[in-house]
Amino acid sequence: MKKIHSIKFSRIILYIVLALGAIIMVLPFYWMIIGAFKTSAEINQFPPVWFPSSFNLDNFKFALETAPFATYFLNSLIVTFCCLICCTFTTILGAFAFSRLKFFGRDILFSLLLALMMVPFEMLIITNYRTIVSWNIHDTLFALIVPFTSSIFYTYILKNFFASIPESLYQAARIDGCSNWKYLWRIMVPIAKPALVTIILLNAIACWNSFLWPMIATNSPAVRTLPFGLYAFQTEGGALMERMMAAATLVVLPMILLFLFARKYIVNGVARGGLKG
Amino acid sequence: MKRWSKISFKRIEPFLYLAPFLIGIIIFTLYPIFNVFFMSFKENYKYLTGEFSGYGFDNFVQILSDPYFIQSLKNTFSYVLIVIPISTCLAIVFAVLLNQNIKLKALFQTAYFLPMVTSVTAVGMAWKFMFNYNSGLINFFLNLLGFEGINWLQIASNNFAALAIFGICNILPFIIILLLSGLQNIDPLYYTAAKVDGANTLTCFFRITLPLLAPTICMVLIVNTISTFKVFNELFPLFNGPGIAYNLFTVVYYIYYQFRGLTPPKYGLAAAAAIILFIIIFCFTMIQLYVQKKYSLEENKS
Chain A
1 MKKIHSIKFS
11 RIILYIVLAL
21 GAIIMVLPFY
31 WMIIGAFKTS
41 AEINQFPPVW
51 FPSSFNLDNF
61 KFALETAPFA
71 TYFLNSLIVT
81 FCCLICCTFT
91 TILGAFAFSR
101 LKFFGRDILF
111 SLLLALMMVP
121 FEMLIITNYR
131 TIVSWNIHDT
141 LFALIVPFTS
151 SIFYTYILKN
161 FFASIPESLY
171 QAARIDGCSN
181 WKYLWRIMVP
191 IAKPALVTII
201 LLNAIACWNS
211 FLWPMIATNS
221 PAVRTLPFGL
231 YAFQTEGGAL
241 MERMMAAATL
251 VVLPMILLFL
261 FARKYIVNGV
271 ARGGLKG
Chain B
1001 MKRWSKISFK
1011 RIEPFLYLAP
1021 FLIGIIIFTL
1031 YPIFNVFFMS
1041 FKENYKYLTG
1051 EFSGYGFDNF
1061 VQILSDPYFI
1071 QSLKNTFSYV
1081 LIVIPISTCL
1091 AIVFAVLLNQ
1101 NIKLKALFQT
1111 AYFLPMVTSV
1121 TAVGMAWKFM
1131 FNYNSGLINF
1141 FLNLLGFEGI
1151 NWLQIASNNF
1161 AALAIFGICN
1171 ILPFIIILLL
1181 SGLQNIDPLY
1191 YTAAKVDGAN
1201 TLTCFFRITL
1211 PLLAPTICMV
1221 LIVNTISTFK
1231 VFNELFPLFN
1241 GPGIAYNLFT
1251 VVYYIYYQFR
1261 GLTPPKYGLA
1271 AAAAIILFII
1281 IFCFTMIQLY
1291 VQKKYSLEEN
1301 KS
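If you read the protein sequences in the order shown, they are chains A and B. Sequence positions in the first sequence follow this note's numbering and run 1 to 277. Sequence positions in the second sequence follow this note's numbering and run 1001 to 1302.
Simulated from the structure, these hints should not be mistaken for lab results. Don't be surprised by glycine CBs; every beta carbon is placed ideally from N, CA and C. A few of these clues could be false.
Stated by the list, open to error - For the chain A half of the interface with chain B, some residues (derived, Cβ under 10 Å), not all of them: (1) Val17; (2) Met123; (3) Phe228; (4) Ala271.
Taking the hints into account, I'd like the entire structure generated from these sequences.
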């Protein structure tokens, strides 16, 4: 009888600790979204207001009117979409070559690429900035896409997945006269769908949230993406907190929705390969 | 003739597949490595004309005697030394709890992992709001617990604490996920056996979970040390830059500042700082490889 009690007691403690942690983790998000609906009187009140008196959209309206957040949003969409298309394409081809095609120096080349992975991106930005300046594409959306058209990290993940597909399948298809190209797109890619979804999701998150590179490569508001646009809104607009929260909510919301729908893929992907950078 | 072209096609085919991937890597990863390396040794380098007076260690001498660079090293190292142990300890607790057979698992996971997918800049704004001296949530809780409110953002000496707290919460989800996948690899039979022997929960944790999780913890420590060395993004939403009084320079911020914050930009100094960052990260990567090798050898033995 006593044992049952102690088990129940420890369960309760477990849930309390978990709930406490969860509340702390969610609090910034709750505070951001609630703050977006507050009036300027409510936002400066102390002790803080836990629920705004009304859910009016004035702060969102103001944020969209003062800064071109619609443009930022569109830019973020374009950049993320183009990065995903280009990077996924080069990754699929590269991973296929490294896992199925035979050529001289394949394994050495792959090890060299893996060694390159430890070079921090923060070191490369100096030269990459000058490259895009010399190509005259700085301060354009191209500058935000071009450096990210291929990734060793995602190629490495996909190559491992491709390598786990039985080689005999490839031999059989080749004997039946199937070309490499056809085999890759008709058989390999459909089988590797889970791995592909994972790298696409991880890449989408990284693109959408990237801050350092857009800050370096762009100047004018017309080509800003959301995170940097949000930061500029804070420094240039001298913006009020409730409006900042409204703008921040706009930045965060798409990724929260994505996460709610694709949580399993994202969590598994991170567990398997870690995040980029 | 036809046969010849078939053979040569087979030869070059792999490179056709590799080309789009390799071109990007060569231009934006391989070339910059060498370029930055040489740039860091060029003395009196003028980026507009490309002139320089010779190769030497001038840039390194200059940054190592620059108080801002010394400060940035100090800040970065103390940031890593504070954020990594605290966040890893917290993550171990939460990962072990999340790994139990609990209800509402999906809900808890969502709550814990949310900061991983959201923009550091946007979440940082919310933190800035919470750190507010007069109306912030954190000071409200401090008051509730009987402490005085702290001016986190406007007093320079408190800036670091605010940055560290934000950093810990930001990195936590990532560590929890990695530890959770490590926990799932532990054979549940160990726990069943321990239960039969009458071991309690704490003994199980210290005698089974921790030792078996050690390889994962080790990996997590190193991977996150490397990523926290690059602390940069967090500075902007909280302080609009390196702290309220130029007191929170970090190594990456120093690099950024030298070639994008200054006019005219000092590419040589930025490159030298980047090389130092690379050396630090290289050392940790070597430790990581060594640890990985050691653990895989041990696994093979047993």
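Against the structure, the hints:
1. Val17: holds, 6 Å
2. Met123: holds, 4 Å
3. Phe228: holds, 8 Å
4. Ala271: It holds, given that the least Cβ distance between Ala271 of chain A and chain B is near 4 Å, below 10 Å.
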